[in-house]
Structures are given as structure tokens and as C-alpha cells.
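Protein chains: 2
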Amino acid sequence: MEARSLAEAFASFEETWEPRVLAELNDQQVKVARLDGEFVWHAHEDADELFYVVDGDLTIEYRDDDREDAVHLGPGDLTVAPAGVEHRPVAHEETKVVLFEPAGTKNTGDADDSERTVEELERL
Amino acid sequence: MEARSLAEAFASFEETWEPRVLAELNDQQVKVARLDGEFVWHAHEDADELFYVVDGDLTIEYRDDDREDAVHLGPGDLTVAPAGVEHRPVAHEETKVVLFEPAGTKNTGDADDSERTVEELERL
Numbered sequence: 001m002e003a004r005s006l007a008e009a010f011a012s013f014e015e016t017w018e019p020r021v022l023a024e025l026n027d028q029q030v031k032v033a034r035l036d037g038e039f040v041w042h043a044h045e046d047a048d049e050l051f052y053v054v055d056g057d058l059t060i061e062y063r064d065d066d067r068e069d070a071v072h073l074g075p076g077d078l079t080v081a082p083a084g085v086e087h088r089p090v091a092h093e094e095t096k097v098v099l100f101e102p103a104g105t106k107n108t109g110d111a112d113d114s115e116r117t118v119e120e121l122e123r124l
Numbered sequence: 001m002e003a004r005s006l007a008e009a010f011a012s013f014e015e016t017w018e019p020r021v022l023a024e025l026n027d028q029q030v031k032v033a034r035l036d037g038e039f040v041w042h043a044h045e046d047a048d049e050l051f052y053v054v055d056g057d058l059t060i061e062y063r064d065d066d067r068e069d070a071v072h073l074g075p076g077d078l079t080v081a082p083a084g085v086e087h088r089p090v091a092h093e094e095t096k097v098v099l100f101e102p103a104g105t106k107n108t109g110d111a112d113d114s115e116r117t118v119e120e121l122e123r124l
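Which chain is which? The protein sequence lines are C and L, in order.
Using this note's numbering, the first residue of the first sequence is number 1, and each one after it goes up by one.
Using this note's numbering, the first residue of the second sequence is number 1, and each one after it goes up by one.
In short, the hints are calculated from the structure, not lab data.
Don't take each hint at face value.
Note that identical chains are pooled: a pair holds if it fits in a single copy or bridges any two copies.
[Unchecked claim] Mimicking SDA-like on lysine to any residue, the simulated pairs with C-alpha atoms at most 20 angstroms apart in a straight line are:
(1) 96 / 112
(2) 106 / 76
(3) 106 / 56
(4) 96 / 66
(5) 106 / 62
(6) 96 / 85
(7) 106 / 65
(8) 96 / 110
(9) 106 / 123
(10) 96 / 46
(11) 96 / 84
(12) 96 / 77
(13) 106 / 27
(14) 106 / 120
(15) 96 / 27
(16) 106 / 67
(17) 106 / 75
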């Protein structure tokens, strides 16, 4: 049992698009990440994904056969990207986010051969 | 898909020790609660429980056969109370927390007949 500080977690790395694992519970993981710019379109077939913005300016874009949609998040806002729905995070400035999702969820989901894929996440 | 604001969530109620459900994902729930003073000792047999302090001053006390322990949390700090471990949140001032735990986790866990038990959680 220990306390983990979000501020210390973010101070420990500078890389963008490389989530770190901060805590685990109930087969889920709490991750912290710095985002900047556009990510790749992807979906997680079996995993809902929570985004919580600590600091910054983030849009989660969605698309499916019928329509496009977007959710805008500022500091203190959260949203859930549902399993199976194609989405793309777009950070309009460097943005600090907390992610919550099942352990083992890949950052790029079903996107093929993305340079953005991080296979082994560092644990803080 | 929608954005939820923590500030708006906390502005929507004043009651202490009555968690509200803010979001659900992967059979887990994100709850917000105001805590003040000492809660009851309890454990959740099958559920780890995450506490994230948005604002305030919180100690999670632990006890088992061998020892006592305590984790102190200020704003921006989080901790995980492991399943099956008896614990008691103590808020030294009114404290806003985000809880993350499996859907259906009872706030008072295995504590008998607690007046603090909330059977039906309000959804925000």
C-alpha cells in the first residue's frame, strides 16, 4: 500500500505517446501519458478506454460507417471510448492524461504496424 | 460518447459518504464522493479499490493480524486498497475523491449493518 503522486509520475518522463503504468487493480491498469498532436485511428475490440485530462486540450474523434463525432476534453474532464469504436486522440497542445483500461490493452489497438505501438510499457 | 467534468460532478451534490456513479467501463465504475471524518472499518473481499484525491486531505488506514499501516493522500495522489484487506478512510477535512472499483462494490464492504451503507447509488 503506497501513495502515488500524479505530479511525480508526470515529472518522471518527457516522451509523448508512451504510456507508463502507474497502478493496477482488478485486472485493469492506470496509465499516465503525455500526448501531443494526432494519434493513429484505432479501436480496442474488447476494451473500453477511459481518458482523464489532467492538463492540456484533447479531442477524441470517433468515426463509424454512419457518422463522425468528437468529444472535447479540458483539465478535469473525462470520457470513455467504448470497445470496438474506432477513435483517434488529437492533443492540441502537450496534454497530460490518465488512462484506465484492462491490463494488456495495446495503445494502438487494431491499427496495423503502427510506429506508435508500444509493446512493453514501463512501470513507474 | 460524452465529456464528463469532475468539477460539475462535485458541484451537483453536497452529501458526504454518498458516492455517485460518474462513468462505467469494463464492468468497473468511476465514482465521485465527498468524505469528511472517519468512515467504518471494512474490506471488499473480491474488489481492489482505487482512491484518487481531487481536493482535501485523506488517510487510508489499514489493519490486519500483524500490523497497522496508513497511507496519506493529498490532492493529485492515488492509492489502491487491495481486495480483502480491512481499511478505513479518514478525511481530515472535507475531501473530494474519485473511486474506481468493480460495479456493484458496496461502500461499506463487509461491515455489518452500517448506517453508512448506500444500497442504490445515484448516477450523475
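Right, here's what the structure says about each hint:
1. 96 / 112: neither (25 angstroms within a copy, 41 angstroms between copies)
2. 106 / 76: neither (24 angstroms within a copy, 26 angstroms between copies)
3. 106 / 56: neither (23 angstroms within a copy, 34 angstroms between copies)
4. 96 / 66: Cα proximity of residue 96 and residue 66: none, with 31 angstroms in one copy and 40 angstroms across.
5. 106 / 62: So residue 106 and residue 62 pass the 20 angstroms test inside one copy only (18 angstroms; across, 34 angstroms).
6. 96 / 85: The answer is neither: 23 angstroms in one copy and 32 angstroms across copies each exceed 20 angstroms.
7. 106 / 65: neither (24 angstroms within a copy, 40 angstroms between copies)
8. 96 / 110: neither (23 angstroms within a copy, 37 angstroms between copies)
9. 106 / 123: Close inside one copy (15 angstroms), not across copies (30 angstroms); limit 20 angstroms.
10. 96 / 46: Neither. Shortest intra-copy (25 angstroms) and inter-copy (31 angstroms) distances fail the 20 angstroms Cα cut-off.
11. 96 / 84: neither (24 angstroms within a copy, 33 angstroms between copies)
12. 96 / 77: both (12 angstroms within a copy, 15 angstroms between copies)
13. 106 / 27: Both. Shortest intra-copy (14 angstroms) and inter-copy (19 angstroms) distances satisfy the 20 angstroms Cα cut-off.
14. 106 / 120: within (9 angstroms within a copy, 35 angstroms between copies)
15. 96 / 27: Classified as neither: same-chain Cα gap 23 angstroms, cross-chain 25 angstroms, threshold 20 angstroms.
16. 106 / 67: neither (25 angstroms within a copy, 39 angstroms between copies)
17. 106 / 75: neither (24 angstroms within a copy, 29 angstroms between copies)
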